[in-house]
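S.K.: Can you make the complete structure from the sequences, with help from the hints?
The sequence shown maps to residues -23 to -1, 1 to 403 in mature numbering (1 follows the signal peptide of the UniProt record, and there is no 0).
Worth flagging that the hints you see were computed from the coordinates, not collected in a lab. Take the hints with a grain of salt, since some may be wrong.
As the list claims (entries may be wrong) - Once the Cα atoms are required to be at most 25 Å apart in a straight line, the calculated BS3-like pairs of lysine-lysine come out as: (1) Lys140 x Lys5; (2) Lys148 x Lys172; (3) Lys140 x Lys172; (4) Lys167 x Lys140.
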Amino acid sequence: MVAVYYWWLPSCFFLTAVFRVHGQGCIKDFQEIHDQEASIVDSIRPRRYIVCPNIIIHIGELDFNNHLHFPTTSKRDESNTQNELIIYNPPLPLRPNMNIRCGDDGVINNNCVITGGHLQVDGTSMRGITESSVNNIIIEGFIFEKATKSSLLVDKPGTIVFKNCEWRNFKHSSIVPIMMDYYDSLNPSKELVLKFQDCVFRDNQYFGKEAYSALIFGNSDQNRLILVTTTFENNNMMWNKTNTKTERNGFLIQTLGPTCIDRTCFINNLVGVSDVAIFGNSLVSSQAHLSNSSGNLCRFASWFENVKQFRSFKPTCIAAEEERCNFDLSNDMATNPCDNHFTSTISTVVIGPSTASSPSKAPTTNLTAPTQTPVTVESSSTNIRGSSTIVPTDSTIFDDDPPSPSVHHYPPLDRRRHHQTDTGHG
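M.R.: Shown next as structure tokens:
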């Protein structure tokens, strides 16, 4: 039984329904959220779900029809030392205007752990979610770990914000923790906007040849990524060093969409080419910090404007600006650099394609060759005062055919069950 409370939100002129369980004051599993959302026809009204602190939510695996496997026997692992029966949950379903919090204040110290499963957060229609968007969703204070395929998969437009969340221990079987997979050639102006604020990616690693060689992957130019005061620490994208794919790729972030990185820190990561790779789209980087986390080609970010640049594998290299990890907004920064309009007197790198066309997917080719020295000029045509703008010199942009240094387009989750887990040692 779920109790419903309504809070007034003047900014959107809607009451926010706050869902809790009778007698408990909070929700204990995602099944309750799944069942509640199944009963709600109109997703326009904002809903807030308060999940109980200090809880472990086990996510189940999916069969070929994307139905959940329910356990019939007890299972023991490091989180179940009493050999108790584990109740498996469906993935968290994403519908417009949802706010899911760990505890009343939605902070990571409340210790809501989401563990295991093929897929932990579902932004697709494969399990019957009918909405065509994932607009206005906020997820706060959760720890995600050990998904066997993906933690998040989204193939719809909209806005999703993760606040104060952590991704850890995606190691021996994860295909890609974060997959931004929206693409609609008939609606090129629409996009998926995914924002991470005050989040952590820690102790993850590339596991083998079937995995994407990044923790966050954007599969088209309609996927916008924003990172604010977020940390990448002790991630190993070179774990399988005998695999040439990781030696040539091995990024933390790999995307074809516009990307903004603000006051984000990259510490003690093992990467191949660079921590970040952008293909044919814009990158804004402000107050980024990097220590002991350089790639073998670019110290921080690799930017490929076009196919020619990718095939010769001579990206524009972008350096991190901050000498230390600093989450404070500089006094010289008028507003957040990931806002649409801002002014700044601090060093902010802004790069973008020299034409309006952009790739729909990432290119595929063999990766060779050294880096290309970027051309840095002062530009008065941007919104940024005193910033460094990297100006591309080649106007040939990616065509619509190619993506993916990851070899193939991300397949539907149920198809992946045909794949055998491969750590790549053979």
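S.K.: Now tell me if each hint is right for this structure.
M.R.: Comparing the hints with the structure gives:
1. Pair hint Lys140 plus Lys5 holds up; C-alpha atoms about 20 Å apart against a cutoff of 25 Å.
2. Taken as a hint, the Lys148 and Lys172 pair is honoured in the structure, with Cα atoms around 23 Å apart against an allowance of 25 Å.
3. Taking the CA atoms of Lys140 and Lys172, the gap is about 8 Å. The hint holds against a cut of 25 Å.
4. Note on Lys167 and Lys140: the hinted pairing holds, with a Cα-Cα distance of about 23 Å set against a maximum of 25 Å.
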